[in-house]
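Chains as they are written, first to last, in this note's numbering: chain A, 1 to 717; chain B, 1001 to 1717.
Just so you know, the hints here were simulated from the structure itself, not pulled from any lab data. A few of these clues could be false.
With a straight-line Cα cutoff of 27 Å, these simulated DSSO-like cross-link-like pairs (lysine-lysine) come out [unchecked claim]:
no.	chain 1	residue 1	chain 2	residue 2
1	A	Lys550	B	Lys1571
2	A	Lys553	B	Lys1059
3	A	Lys102	B	Lys1059
4	A	Lys676	B	Lys1059
5	A	Lys676	B	Lys1046
6	B	Lys1146	A	Lys553
7	A	Lys558	B	Lys1046
8	A	Lys553	B	Lys1046
9	A	Lys571	B	Lys1435
10	B	Lys1550	A	Lys550
11	A	Lys324	A	Lys5
12	A	Lys435	B	Lys1553
13	A	Lys550	B	Lys1625
14	A	Lys571	B	Lys1550
15	B	Lys1550	A	Lys435
With the Cβ distance kept under 7 Å, some of the chain B side facing chain A (calculated, not the full set) [claimed, not checked]:
no.	residue
16	Tyr1305
17	Leu1539
18	Asn1543
19	Leu1552
20	Lys1553
21	Pro1610
22	Phe1612
23	Arg1616
24	Ser1641
25	Pro1644
26	Ala1649
27	Val1650
28	Asn1651
29	Ile1656
30	Ala1657
Glycine is no exception: its CB is placed at the ideal position from the N, C-alpha and C atoms.
There are 2 protein chains.
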Amino acid sequence: MILTKTGVEKIRAELGNIPLFDSSLKTLKEEVDAEIALGIDTPIPKDYSGGYTHVRHKKNWIVLQKAGVLYQILDDEKYAKYVKDMLMQYEELYKTLPLHPKTKSYARGKLFWQCLNDANWLVYVSQAYDCIYDYLTKKERKKLEKNLFRPFADHISVESPQFYQRVHNHSTWGNAAVGMIGLVMDDQALIDRAMYGIKGVNLDKTAKDDDGGFLNKDGRAGFLANIEAPFSPDGYYNEGPYYQRYAMYPFLVFATALNNVRPETKIFEYKDGVLLKSINALLNLTDANGNFYPLNDGQKGMSLYNNALVTAVNISYHYGSQDKGLLSIAKEQGRVLLDDSGVAVAIDLRDGKEQPFDKKSINLSDGANGQQGGVGILRNDELELVFKYTSQGSSHGHYDKLSFSLYDELGEVLQDYGLARFVNIEQKGGGNYLKENKTWAKQTVAHNTLVQNETSHFLGKYEIGSQHHSELYFFDNQNDSLQIISAKEKNAYPGTEMHRTMALIKDADFEKPLVLDILKIISEKENQYDLPFYYFGQLITTNFEFTTPKTLKTLGEKNGYQHLWLEAEGKANEGNTQFSWLNNRRFYTITAATNPSDEIHLVRIGANDPEFNLRRDAGFMLRRKNAQNTTFVATMEAHGSYSPVSESAVNASSNIASLKVVLDAEDYTAITISGKSGGNRLFIIANTNASKEARHQLKINGKEYTWVGPYHYNQIK
Amino acid sequence: MILTKTGVEKIRAELGNIPLFDSSLKTLKEEVDAEIALGIDTPIPKDYSGGYTHVRHKKNWIVLQKAGVLYQILDDEKYAKYVKDMLMQYEELYKTLPLHPKTKSYARGKLFWQCLNDANWLVYVSQAYDCIYDYLTKKERKKLEKNLFRPFADHISVESPQFYQRVHNHSTWGNAAVGMIGLVMDDQALIDRAMYGIKGVNLDKTAKDDDGGFLNKDGRAGFLANIEAPFSPDGYYNEGPYYQRYAMYPFLVFATALNNVRPETKIFEYKDGVLLKSINALLNLTDANGNFYPLNDGQKGMSLYNNALVTAVNISYHYGSQDKGLLSIAKEQGRVLLDDSGVAVAIDLRDGKEQPFDKKSINLSDGANGQQGGVGILRNDELELVFKYTSQGSSHGHYDKLSFSLYDELGEVLQDYGLARFVNIEQKGGGNYLKENKTWAKQTVAHNTLVQNETSHFLGKYEIGSQHHSELYFFDNQNDSLQIISAKEKNAYPGTEMHRTMALIKDADFEKPLVLDILKIISEKENQYDLPFYYFGQLITTNFEFTTPKTLKTLGEKNGYQHLWLEAEGKANEGNTQFSWLNNRRFYTITAATNPSDEIHLVRIGANDPEFNLRRDAGFMLRRKNAQNTTFVATMEAHGSYSPVSESAVNASSNIASLKVVLDAEDYTAITISGKSGGNRLFIIANTNASKEARHQLKINGKEYTWVGPYHYNQIK
């Protein structure tokens, strides 16, 4: 199914001569041998994630799959027997099992507290069964299929339609599980159920799951629908990279199985080859260290070193276009799959075909048709700016339209908080989502974007948010010295339109590319606008006065504000307000064009956090009160360095002499940036015409400018 | 002086065949060539540290010294001419200079705002002058000596006795500067002034410097006195490793000069060879990453990669006993000195003589005679426990007797805050000590040790603290599975005696060595006792209830307490109170033997910090009120791991089932530790007899124990 006959032959022929495959095999063999030595344990299910029975059954599915592979590659009966013995033990156990005793899930499994984990189990174990299929007698197979695999597949599908019959990463696992065991059992009914969902079952379209998402608003279901809906034509997965990584494995492993067993499905060509495109999108959604951007619910630290990404890279290479850049990622991952795709990667790495994987500035559309906003990533030198203007992102979506996060080669500079959860750390709420995920992490104020009147976008309501998305205004990555993205959001706050433009500008007068941020707001009424920037490290200097209170109070009462301590407040300056900090031995400065009625709040996360679930990270927040139409303009610089070994501070100060809004009208906004080391720069954006071909003519302070396209930039010496 | 004639010959002979020397030379040549290309600038002094004129003159002294060395090694006149031209420019400048315009220092320099930096300059520049001495005409030398070097030496000595005439790291620089230029000029008066201080000058013994230390309480002065007083016979420098590192360079470079030019001084044998011993002590005062423990005023991140340590390692190797372990440090440092010592290191590294530098559990006495307490470092597996029971440590001392900090191979686990200063970051108070150094960093509560009645040890007064030191009770590093140190402090709080014992216990039932902490207090009256533990990362779980307030107030009003926000408070348990956290992807747990009247405070640094000078680090604090004689007992565990890539939490819970004080009397304290994975351990300490030979006999719960020596430990199965 995954390992083909020709694949096995090729592996056996090359074995001992393909270093990365050989070392991966050695590691895996040691692991499986150690498990075999420990003996088989299939305990009666009892625990939530992190507890013994959960961990043991999870480990079992992994070892079973691996032992199956070893049997195929090494042709050593020991492994087949181990798989068979454990499967027989599961057969005996499973037929006695009621629903799992823990009741928290909307869809309880039998081996695990949630069907999701049961589906995980079956995706892996069907591979193990496939590997030893011919080793078993017909009678043994019948016993397993009758008492274990078929009821197992039925439980997670027909008996749990609220889990199975959806467009959701949970269902993808369910579909793949049912489909893969169907392929091994050659059971067309199961395969059809996998591909198209359960016939005749329609869910309540208004019902919701544990995370607050609709169970099945559109009534679609099955593997193909799960490919269709969440992936944009560019391969962006609507829940974000963290969940894409999680969903990737069942997508790819079932697709590989289909490709091998039912090549007529042409699954890798489905929807214009979106599965393979999605791998490329996912790899581009990583920072310099390979960590995924934690858009929406994403746990920080998840990276392309995860096993699912080994699968993705290997499959993409083998079944895709053999992009040599993927080889360099496989090399960094340090291991390959022990199958047809892994051996292909290992051979080409051995043969020196590796090239660097070049991450560029890209724009990834969101939505099944690519018409629901997207994510733009601007990259220049070592800076990476991630700009989010997506749709809601299913139940894992956060309420942060037109938000951004900034990275450099050292890691996060201005952060997206990510999720509030300690995945699989049982002491922290069983490893599940924490209350603060809803009250803090999902709220708009937890992100680097605009908050109006201390309420979240779409009132923080999924029913509203899931109906809308931002709109790309334009994206341009064609100019090496200026990458730019611009998008509009009209629905987050009814009656208010936000238009944010962000650019990375390479300029010899600045040590690193300069970030330019223009956020134009047009509203029907006066509002209070907050614009936070969440930084790390320590404040070094500001050019404004601020006071620190004797006791700390929260910045507000709800919508996330109740989690922010107000550490200091001050008045912004006439002209520019600057804030510099030091992190990772580098200096950073935000310069904002402000007026004296703007307020500055220095905040720290952690209020109303009775279980210390939140990190005590800091934010710099601009507040503009009683404003209607207004524009926030800021630059961000990464500059200099500090070495605690030589104790030398280099280029510790901002190079911005002044940042000015020289014109701000309905059709045009114009900014000048002058540097301390000289030079003045003019940036003009056309606010109402994003056409590449449009000619513009504009007089600013008596001087006329003409240009073509949505923006104009030039440096005046 | 530093480069000898035979040294130069050897270097020239081996050049091109000594990789580390060759690469060091190449780096240095590139640096100097780039500076020569830039041209010479000797601006009129104006700025504090970090400002242009400061940075430029500092850079000049470095480049001069290096250019001199290049002239000697490469015999290229270009370098001699560059040195000469710059010296002549300094000669012209210096004779016109008044005192430096900035007035903050107790001893203002001329090139720099403080004499200290002028002395730094002369230590380096006298080497440059030495290197080109023969290149200059007699007339040129006379001009330089008359208008530059002699007045320069006079300014930092006879004209600044408050700087020069002391036992202090500042004076060491001053002495070395005067001595080295004296050696080049062959001026016995200057050399004598360097060795013995200014004849006939006696300072006011009650006057203080900028840091609050006495200027010269004992009236001693000169280089020999500076070797005599601050170094213990074990080579521990009383201000701590951060300042030892700073002082090291003038000590060693002047000693080398003396050794080469005046071998009859036998300077490296002075005080039983303490200069070379001090290098070994300093190398042992580093954590697994080579960072110095920030005892007293120490900036974190300073490490053995600092140039002063390259000097120290090279000199120690060449002029000491050629300890092959030093070669491995030199290799990690990646560069050598371009002199006799550096070439010796490079040759032996080339010849493969390197061995690992093995850091062990050691005890370093403090005080000129080794009779003023000390620092003990317990090391076992990857854990390192630093226990401080020193004397005050001069004006850079903190008020933290019997404090500890804990490290593992990843870095800090339970921290010593270090200093409150951003050295050389001009925006932060000119890079100087910040107000919070006194109000927070030096205070007792900023350390992991006992605070009585919310006051600091010795009332936080230098006059009192500098008269006292703790007393070693015993230290034992002879047992591989149990390293232990124990000390007493009777003066920090008059009427109260503290006796703290800390052990690292290796035990197969625990993943890593267990830290045992016993702090016995005997007092004449009832007090409130606070015992904080400053951790990093995030709270994972506690076994006690706590509440978090709606607004944050400070824990107290003074003595450092005004800088602590009270984030949560709770009551301790009857029996054991546990606190677990996650940092650096590892779990840690403190288990304390408590009773229900004990309070728990979860605190965070950062209150009353109007300029955001303090890190927002967290602490777990035990408080025992209305107690007189009492004993705090705790264990600390490092356990398990969390991977955000595989999302697996391993061994996330403490293995302590119970920690009990089974006996606590004047003469003996006995503790039992039982583990969740079985096993019970008994630890008994004799509180009043530390003799190694003493026989003890004790009945606990009807059972009799006998042993020899100050403690007894056994594991009961």
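**Asked** Of the hints given before, which are not true for this structure?
**Response** Failing hints, ascending: 2, 3, 6, 7, 8, 18, 24, 27, 28, 29 and 30.
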